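K.L.:
Produce the complete structure using the sequences and hints provided.
Number of protein chains: 2
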Amino acid sequence: MIPDEIKHFVALFSKLPSIGPRAATRLAFRLVSKGSGPVQMLAKALFDLSKLKLCKECFFVHSNEGPLCGICSDTKRHTGTYMVVEKETDLMTIEKTHAFDGVYLIIGELTRSGVLEDEQKSRLEVLKNTISKKSNGTAREIILALNPTTYGDITASLIQKELAPFAQKISRIGRGIPTGGEIEFADEETLHHSLLRRE
Amino acid sequence: MIPDEIKHFVALFSKLPSIGPRAATRLAFRLVSKGSGPVQMLAKALFDLSKLKLCKECFFVHSNEGPLCGICSDTKRHTGTYMVVEKETDLMTIEKTHAFDGVYLIIGELTRSGVLEDEQKSRLEVLKNTISKKSNGTAREIILALNPTTYGDITASLIQKELAPFAQKISRIGRGIPTGGEIEFADEETLHHSLLRRE
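If you're matching them up, the sequences are chains A and B in order. Residue numbers for the first sequence follow this note's numbering, beginning at 13 and rising by one. Residue numbers for the second sequence follow this note's numbering, beginning at 13 and rising by one.
These aren't lab readings, by the way, just hints derived from the structure by calculation. It is possible that some hints are incorrect.
One copy or any two copies: either way a pair holds, since identical chains are not told apart in the list.
Derived SDA-like pairs (lysine to any residue); straight-line CA-CA distance at most 20 Å [what the hints assert, rightly or not]:
id : residue 1 : residue 2
1  : K46       : D16
2  : K46       : F25
3  : K56       : L28
4  : K46       : E98
5  : K56       : A36
6  : K68       : G47
7  : K108      : P33
8  : K27       : T37
9  : K46       : I14
10 : K63       : Q52
11 : K68       : S48
12 : K56       : E17
13 : K63       : M53
14 : K181      : R89
15 : K19       : I106
16 : K46       : A36
17 : K108      : R38
18 : K108      : T91
19 : K27       : K46
20 : K19       : M104
21 : K56       : L24
22 : K68       : L136
23 : K56       : S45
24 : K68       : G49
25 : K108      : R34
26 : K46       : F59
27 : K46       : H20
Values in this document were obtained by computation on a predicted structure and should not be read as measured data.
P.N.:
Encoded structure:
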């Protein structure tokens, strides 16, 4: 009763993060009822993503001719400071602050396995190579900007071990009460950090 | 810094139900990091949805040569009984029970406006035409299988008014304690219905 096109769509799209089989099924029906024009526009927008590339140094998405993204190909940003982030949206949020002028490495989704994935290990090797080439083998500082969560902490300590020989200093972003937050409602862990790292 | 392909993708996909701008952005980055092969497969699966049609009588999705879906083109199902459902997945769930042998009308997503949308009104006109053609202008029964929620109730009473001249009987699906449910924890409304509609 269900057309194969729907089944195939659901099979593929339900594997994407945050889209389960139910959501994919409802999405498929909604799309068909929009008519063929809008569906083809969406398909084209999706197809066009296949033209994008990942930066050979930081793994951010780009559409440049060369192998590097806008940040990594900007020679002004080779300051010897590197920042490891989990994902592209973290990089974007940090760029908006204009508070960091070094280059990045996107390490990829944190897992709950307590070990680094193969892909993450190979990205760390890329970072080590970049540091060798661009900073004579020793970074001035590597900032681990991973979420201050259990898995962020575990991953940070694994990365720290890997990168220790390649940096004068390895740091993590400061924890504390967020702007607009209230001391009364802060958890103990956060408050502890905010007292230790006074500004 | 963000490639236009990503911006365009986010602009279009964030308008889909249950995908906001944040989810669309993260999805775009995830897709690019999967590589161009998988992205093109997804784009093809999405494109293929544009080949599907909506049934001219019940508005269910189909890929038949003619204008009607498998259910509406099955003459055995023209029993004079019609069922109005909100969406395709409701129809699929009801089909699985094998307890209904009539035909359907998918009325489309319930709104919270307290009035029928233009599209819903035009679908009701289609149903009236079907009843005229297939059941000589009077259905034996029209079952309004809408969710027993506030908006389901409002929509049901609006539809009931519209369809009253076209059916000997208009009913709604029975409310009561679901199988496996416990009387102790049932809400008063449900219990009230389950006492009134004893089996």
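K.L.:
Each hint needs a verdict: does it hold in this structure or not?
P.N.:
Results of checking the hints against the structure:
1. K46 <-> D16: within (19 Å within a copy, 24 Å between copies)
2. K46 <-> F25: both (18 Å within a copy, 13 Å between copies)
3. K56 <-> L28: Both: 18 Å inside a chain and 15 Å across chains, each within 20 Å.
4. K46 <-> E98: between (36 Å within a copy, 16 Å between copies)
5. K56 <-> A36: So K56 and A36 pass the 20 Å test inside a copy (19 Å) and across (15 Å) alike.
6. K68 <-> G47: between (40 Å within a copy, 13 Å between copies)
7. K108 <-> P33: between (35 Å within a copy, 17 Å between copies)
8. K27 <-> T37: Result: close both inside a copy and across copies, 12 Å intra and 17 Å inter.
9. K46 <-> I14: Cα proximity of K46 and I14: one copy only (18 Å, versus 28 Å across).
10. K63 <-> Q52: Both. Shortest intra-copy (17 Å) and inter-copy (10 Å) distances satisfy the 20 Å Cα cut-off.
11. K68 <-> S48: Between copies only: 16 Å across, 37 Å inside.
12. K56 <-> E17: both (17 Å within a copy, 10 Å between copies)
13. K63 <-> M53: For K63 and M53, the Cα distance is within 20 Å both inside one copy (16 Å) and across copies (13 Å).
14. K181 <-> R89: The answer is within: 18 Å in one copy meets 20 Å, while 75 Å across copies does not.
15. K19 <-> I106: The answer is between: 18 Å across copies meets 20 Å, while 40 Å in one copy does not.
16. K46 <-> A36: Both, since 15 Å and 19 Å are each at most 20 Å.
17. K108 <-> R38: between (36 Å within a copy, 17 Å between copies)
18. K108 <-> T91: Close inside one copy (19 Å), not across copies (64 Å); limit 20 Å.
19. K27 <-> K46: between (23 Å within a copy, 12 Å between copies)
20. K19 <-> M104: between (36 Å within a copy, 13 Å between copies)
21. K56 <-> L24: Classified as both: same-chain Cα gap 17 Å, cross-chain 11 Å, threshold 20 Å.
22. K68 <-> L136: within (12 Å within a copy, 57 Å between copies)
23. K56 <-> S45: Both. Shortest intra-copy (18 Å) and inter-copy (18 Å) distances satisfy the 20 Å Cα cut-off.
24. K68 <-> G49: Classified as between; 18 Å across copies, 36 Å inside a copy.
25. K108 <-> R34: For K108 and R34, only the inter-copy Cα distance (16 Å) is at most 20 Å; the intra-copy one is 36 Å.
26. K46 <-> F59: both (19 Å within a copy, 13 Å between copies)
27. K46 <-> H20: both (19 Å within a copy, 18 Å between copies)
Hint check: no violations occur; every hint is consistent with the structure.
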